[in-house]
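J.: Sequence:
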Amino acid sequence: MTAEEIRRLARPMGRSVADLDPLLAAIGDARVVLLGEASHGSDEFYRERARITRRLITERGFRAVAVEADWPAAYRVNRYVRGGGPPDASPVEALAGFERFPAWMWRNTAVLDFVGWLRSHNDRIADPATRVGFYGLDLYSLHASIEAVLSYLGTVDPVAAVRARQRYACFDHFGGDADAYGYAATFGLDGSCEEAVVAQLLELRARKAEYARRDGRVAADDLFYAEQNARLVQNAEAYYRAMFRGGVASWNLRDRHMAETLDALLGHLGDGARVVVWAHNSHVGDARATELGDQGELNLGQLARARHGSGAVLVGFTTYAGTVTAASDWGGPAERKHVRPALPGSWEAVFHATTLPAFLLVLRDRPGAMTGDPARLERAIGVIYRPETERRSHYFHARLAEQFDAVIHIDWTQAVEPLERSAGWEAGEVPETFPSAL
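Per this note's numbering, the sequence shown runs over residues 1 to 438.
Note that these hints are calculated values from the structure, not bench results.
Some hints here could point you the wrong way.
As the list claims (entries may be wrong) - Computed Cβ-Cβ distance ranges for the label pairs, DEER-style: (1) A96 with D123: 18 to 24 Å; (2) D21 with F244: 45 to 51 Å; (3) A199 with A273: 29 to 35 Å.
Glycine included, each C-beta is placed from N, C-alpha and C at the ideal position.
Make the full structure from the sequences, and use the hints.
T.: Dropping the structure here:
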């Protein structure tokens, strides 16, 4: 499909509320809407997802926002936006749980604004049970989730808390380093904690009914929170072992965990509940339409389609150039980097050639409009951006019309603003044309 053909199908976007009407029409009665991003560090992606989500909440009755983030840290935000404890006094305090790299992914001004809006929205809802929640889907929080399970059991069943602590003690001598545990368990340098974490999850599930009945002291949300943390510990233990075996096993385990968490959340919220998801395009877009799927990867979008069929809507986001907040290496500081213009022949380059600064392309309503097109390159920037190895590090082939139900393209995007801005981020990256700046 040529740029001119895409231009005829596209709906230009500005700041009008009506710009999103075609997307909401395509969403219809869908139960889950997955909103992607081409990078973890582009301000416009966060703000456009927030704009869509506000309409889904206020006009379509969506009950929860589930994000690519750790369950315990996101649940702290959930308590704040729903008016529960602990009593964080502001959105900034509620986001303080996001301490692990990359903190800027959720501790940024765009998310801060959305969390503030969500609290204000919920404050107008009298029944706490129907307020909109904020939840995490990811599984990196092994030790934080262990502490959450122990804290819960310490309140409702101190004897069971002792047993849980004994089971989880097998992680203790790794000093909180989940990677070190995974390496040691995989290569036989130490015993695996697999049996212990499975036993703990099974015990907690077996006693759910008992805990729910106890003197009315245990809120259903607290029990759900604890169970999901115990399940997260089980899956995280397996994930950190799988990391060192290579291949796609760890990726697939992670996305299955996110899909299971989404399904558990839908079940917890009750019949008819609707959830919007924020995650990277690589998790949202159906992996079967990409070369990564050809290599054996599956992802959240694919699993959501398998579970919900047309009740799952997958929305991708793309950009051509601009700036992005990212690190150069895992665990490194947040930097404001220049995003190189997209490679010739890529989807982003074709979209740029339309000359539209921003547009919506609804694919769900146009069967065959882009099918049969050859797979093109598509860019993915995560928390790390390495422009010096752009093609190898950040591109893969994808059949866009099969990957997403709709795409929003914003031709020029700027770096998301971290709540904690370093001097290096403020200065930004030196242009490649330095010192001439041409």
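J.: Next step is simple, just say for each hint if it's right about the structure.
T.: Right, here's what the structure says about each hint:
1. A96 with D123: 18 to 24 Å: Taking Cβ atoms as reference, A96 and D123 lie about 21 Å apart, which means the hint holds.
2. D21 with F244: 45 to 51 Å: Check passed, 48 Å falls within 45 to 51 Å.
3. A199 with A273: 29 to 35 Å: holds, 31 Å
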